[in-house]
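J.: Sequence:
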Amino acid sequence: NGVLVRGLEVRFEDGVAVEVRAEEGLEAVRALLATDEGAKRLGEVALVPADSGVRRAGVLFLNTLFDENAASHLAFGQAYSENLKDADRLAPEARKARGMNESLVHQDWMIGSEEVDVLGVREDGREVVLMERGRWAFAV
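In terms of my numbering, the sequence shown is residues 14 to 153.
One thing to keep in mind: the hints can contain errors.
To be verified - Below are the DMTMM-like pairs computed for lysine to aspartate or glutamate, each with C-alpha atoms no more than 20 angstroms apart in a straight line: (1) K98 - E115; (2) K109 - E95; (3) K109 - E26; (4) K109 - D27; (5) K109 - D99; (6) K109 - E50; (7) K109 - D64; (8) K98 - D49; (9) K109 - E40.
Calculated from the structure, these hints are not laboratory results.
Produce the entire structure from the sequences given, and follow the hints as far as they go.
T.: So this is what it looks like as structure tokens:
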């Protein structure tokens, strides 16, 4: 909607955003989250290294489709159906049962920096380092 949000902090409980704060643009975030029930849940988690080409360009494009590739980011709202096998053939209830969030909105916000470490947790509970200081912890 053209509002730049700065200093966003979100607290989640059981996958739902229950508290938000921002230095700027807080009312726009609150309005977005009020769109529907799915708007309060994550629709995307994307890991982007701190040394990505877009970040190295040093330009804030003010266009989410470009800017989201400068940093790891999360999105409120609609999940991408391409990430769920046969999602296009499933009823909304079946997609939800398989973990896909549905919403009228999908809004990214950047979280990545050179201070971010990311751990993955395997099925057996073992942790795997995915990112250290904003960079991949393995060869890509």
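J.: If a hint holds in the structure, say so; if it does not, say that too.
T.: Against the structure, the hints:
At most 20 angstroms may separate the alpha-carbon atoms for a hinted pair to count; K98 and E115 meet this at roughly 15 angstroms. The suggested pairing of K109 with E95 holds, with an alpha-carbon distance near 14 angstroms, which does not exceed 20 angstroms. In summary, the hint linking K109 to E26 is supported, as the alpha carbons are separated by about 18 angstroms, within the 20 angstroms threshold. Between the alpha carbons of K109 and D27 the distance comes to roughly 15 angstroms, so the proposed pair stays at or under 20 angstroms and holds.
Under the criterion of a C-alpha separation no larger than 20 angstroms, the hint pairing K109 with D99 is consistent with the structure, at around 13 angstroms. Note on K109 and E50: the hinted pairing holds, with a Cα-Cα distance of about 12 angstroms set against a maximum of 20 angstroms. With a C-alpha separation of about 35 angstroms, the suggested pair K109 and D64 falls outside the 20 angstroms cut-off, and the hint is violated. Annotation: proposed proximity of K98 to D49 is violated, straight-line Cα distance about 25 angstroms (limit 20 angstroms).
For the suggested pair K109 and E40, the alpha carbons sit about 28 angstroms apart, so the restraint of at most 20 angstroms is broken.
Checked against the numbered hints above, the structure breaks hints 7, 8 and 9 and satisfies the rest.
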